[in-house]
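From first to last, the protein sequence lines are chains A, B and C.
Numbering of the first sequence is given in this note's numbering, commencing with residue 1 and proceeding in unit increments.
Numbering of the second sequence is given in this note's numbering, commencing with residue 1 and proceeding in unit increments.
Numbering of the third sequence is given in this note's numbering, commencing with residue 1 and proceeding in unit increments.
Everything labelled a hint here was simulated from the structure, so no lab data went into it.
The beta carbon of each residue, even a glycine, is placed where N, CA and C say it ideally should be.
Any given hint might turn out to be false.
To be verified - Covered by chain B, per the in silico footprint, the following chain C stretches (three or more residues, Cβ under 8 Å):
#, region
1, 14-23
2, 28-36
3, 56-67
As the list claims (entries may be wrong) - Using C-beta positions, here's what the derived DEER-type ranges look like:
#, chain 1, residue 1, chain 2, residue 2, range
4, C, Thr157, A, Ala270, 31 to 39 Å
5, A, Val150, B, Arg200, 47 to 55 Å
6, B, Gly300, C, Phe103, 33 to 41 Å
7, A, Ala270, C, Glu159, 30 to 38 Å
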Amino acid sequence: MRSYDKYFRENRLPHMWCPGCGNGIVMKAIVQAIEAKNLDQDKTVIVSGIGCSSRASGYMNFDTLHTAHGRAIPFATGIKLANPELNVIVITGDGDCTAIGGNHFIHGARRNVDLTVILFNNNIYGMTGGQASPLTPLGKKATTAPYGSVDRPFDPCHLAEAAGATYVARSTAYHVKHLSDMIFQGMGNKGFSFIEAITQCPIAYGRKNKLGDAPEMLKWMSETAVMKAAYDKLPEEKREGKFPIGVFYNSEFTEYTTAYQKVIDLAGGAR
Amino acid sequence: MGNIKLMQGNEACAEGALAAGVRFFGGYPITPSTEIAESMAVMLPKVGGTFIQMEDEIAGIAVVLGASLAGKKVLTATSGPGFSLKQELIGYAAIAEIPLVIANVQRLGPSTGQPTSPAQGDVMQARWGTHGDHPMIALSPWTVKESFEVAVKAVNYAERFRTPVIILLDEIVGHLREKVELPDAKDIEIYPRRRPDCSREQGYEPYRPAADLVPNVADFGTGNRIHVTGLVHDETGFPSGSPKVTEESIRRLHQKIEIVQDEITHYDEFFMEDAEYAVVSYGGTARTAYAAVLEARNKGIKVGMVRLMTIWPFADKIVKKVANQVKAILVPELNYGQLVNEVERAAGGKAKVKLLAKYNTEIFTPNEICTAIEDLTAEVAD
Amino acid sequence: MKQIRLSGSGGQGVITAAIIFAEGAVKEGKEAVQSQSYGPEARGGASKAEVIISDQAIYHPKVTTPDIVLAMTQQAADKYYDDLHEDGILIVDEDLVPNVPNFPNVIKVPITRIAVEQVGKSLFANMVALGLLVKVSGLVSFDVIKETVAKRVPPATIEKNTMALELGFDAVK
Chain A
1 MRSYDKYFRE
11 NRLPHMWCPG
21 CGNGIVMKAI
31 VQAIEAKNLD
41 QDKTVIVSGI
51 GCSSRASGYM
61 NFDTLHTAHG
71 RAIPFATGIK
81 LANPELNVIV
91 ITGDGDCTAI
101 GGNHFIHGAR
111 RNVDLTVILF
121 NNNIYGMTGG
131 QASPLTPLGK
141 KATTAPYGSV
151 DRPFDPCHLA
161 EAAGATYVAR
171 STAYHVKHLS
181 DMIFQGMGNK
191 GFSFIEAITQ
201 CPIAYGRKNK
211 LGDAPEMLKW
221 MSETAVMKAA
231 YDKLPEEKRE
241 GKFPIGVFYN
251 SEFTEYTTAY
261 QKVIDLAGGA
271 R
Chain B
1 MGNIKLMQGN
11 EACAEGALAA
21 GVRFFGGYPI
31 TPSTEIAESM
41 AVMLPKVGGT
51 FIQMEDEIAG
61 IAVVLGASLA
71 GKKVLTATSG
81 PGFSLKQELI
91 GYAAIAEIPL
101 VIANVQRLGP
111 STGQPTSPAQ
121 GDVMQARWGT
131 HGDHPMIALS
141 PWTVKESFEV
151 AVKAVNYAER
161 FRTPVIILLD
171 EIVGHLREKV
181 ELPDAKDIEI
191 YPRRRPDCSR
201 EQGYEPYRPA
211 ADLVPNVADF
221 GTGNRIHVTG
231 LVHDETGFPS
241 GSPKVTEESI
251 RRLHQKIEIV
261 QDEITHYDEF
271 FMEDAEYAVV
281 SYGGTARTAY
291 AAVLEARNKG
301 IKVGMVRLMT
311 IWPFADKIVK
321 KVANQVKAIL
331 VPELNYGQLV
341 NEVERAAGGK
351 AKVKLLAKYN
361 TEIFTPNEIC
371 TAIEDLTAEV
381 AD
Chain C
1 MKQIRLSGSG
11 GQGVITAAII
21 FAEGAVKEGK
31 EAVQSQSYGP
41 EARGGASKAE
51 VIISDQAIYH
61 PKVTTPDIVL
71 AMTQQAADKY
81 YDDLHEDGIL
91 IVDEDLVPNV
101 PNFPNVIKVP
111 ITRIAVEQVG
121 KSLFANMVAL
131 GLLVKVSGLV
141 SFDVIKETVA
151 KRVPPATIEK
161 NTMALELGFD
171 AVK
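Produce the complete structure using the sequences and hints provided.
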């Protein structure tokens, strides 16, 4: 038995993800971070939206909440504010977080609520068979972009930072230990922490775009992801086709429940 | 003498919710409901509660659902357009059985319509606004004092039946300031949050219904490690694709309310003893209808009135009884005709049912309704 | 049952005056309801607030036949006086309503001028008007209204508000 097995609901496994899907890797990286952080299993809540990634909550042995499409962050905000002693982790996907839930994403970051948000970025709507998301790269094909996407994608890390998140990081399903460490550090930040986890969808995205099978997609991650410190030193022309991973931003700002405690104090109340 | 003051309907709604134990409000400002949010912003931190203004209407309901799951009694407030935006998550609250109270202060629509004008156009939206099948409880106050009382009832029903409950206010009552006498806190009955009846080790299942068909879903953070989803689920709370489970769960959602329908159907009867005609009315319009019935009585017309507080589930029994007694029923509504169809259905042809509709931003005058009563008596005589 | 309509333009404080009037009545044990028109109409254009006072329960919540109409602007006077009860009273700001509607029973008082010249700011015109209404209506005791105002306004302004109330109260016999 592995030390992190207790964080899974074994009677709910095997999971429903396709063979070769990276979501299981990211889910494991999350529980390893929880284990390293030694979070109280009964005081930790996993909140997810709708999509492939968001099915993860059902497999995880905590209080878990599978919300409506796009709404994980405001549900999670309510949980955290109602009971600030809970550790609240949000699992979301690229469509869930940056399309239908985009407004909640930026406002969660703006308020700096103490949430750890992990975005499983597989560049596609996998659950529904491969429609384009706001993170589908330019030119890549989807069932709703059969000639290649002309919609410019977001960089969700830049978006999170600009909106006020106090911890922003990225890693990939290939860099499992690094990914887990990025999540671990995010859990240590008292405020809105955002971690983009790049994960492969060989079925609905990889196949359509001739990216090969899962090992090939993972290989692509290993070859094109560059640690941020190294990436920053690369001359512009050598950055072409590469992307940085690591901690992009980390700052201090009053966390929301702390700020609201001041409101309660000013009003003369007590929790 | 209790606590007598001049108070606005929206404020009384907020006060009632607070008195019933609401400690969390999330929402988005929208006329004519904003005073509810503003009152909560002032009052909640004073009692250690939390108020949060969210980025949109959907977030406004999502945040209170999260807080409800984490153990707080919750309220959100909105008006027509916002009520439309909240519908998906009202359905979520119904299927995931999360206690939730939504105050909807109706205004004239559709769309932006006439934001500051009274209307009663959300009667059907309150019942059928979401997709799929689930029951709904909606209560409509006609006085400022009752706005307080309805808020208390709504919170208690939401907790007891673990279901969304709608306070169907209208601009007339919401913005009216009126003399109220509020009850002392000790005289207010409060239904406590339901708790699991056994431990995880003893085989606790969060969605196993108790004797009243309502499950004792544990609050997050109490060591039960439950799963909550908007998917159809079995007693464990986990999704199920089984036709049998699906059918049983949809049926139970309805039955848990059906078995208490008589208890939660609240209404007033006025002058019905000898009535040959009746007015069925609700919300702010019922005030004008009452004045009109008095006027008609002074003219010698034997007219009575039924004032519905419980709009949903619909008061079939009482309307049926009235239809068996009177020759005709008048239904004045500030819309193109909504609840009148329910009255007609319940009356089942036993009495003529007539709509008096108004949808021009103005409320009825007593004279208009009185004239309609007189016209109705003439029509029946013909 | 007495029905009173206060009208003027947005920012003149007619709604506040109406609320205080109704609060005073409630303090005296009477039934009272107060309502107003909201929205664009209340910002700059004609705005109105209504109060109904009675010894018995009040059902229909709006004024149908006013016993008193107060008009603080010409526009308000033109718009809101015509359903006055034939024995009713129209009160106008005599400077701001130069063309007084043709109505048998009109009381003309320089409401805003009194506020500016004797209290120091037009902001107090609503309190002058309230004092006037208390006197003309005879529905609520002046002392109760003074207490209500004192509880409602910022402490630093109690003196001036009370002064405005008294000037209004004494402006008519």
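Structure versus earlier hints - violations, ascending order: none
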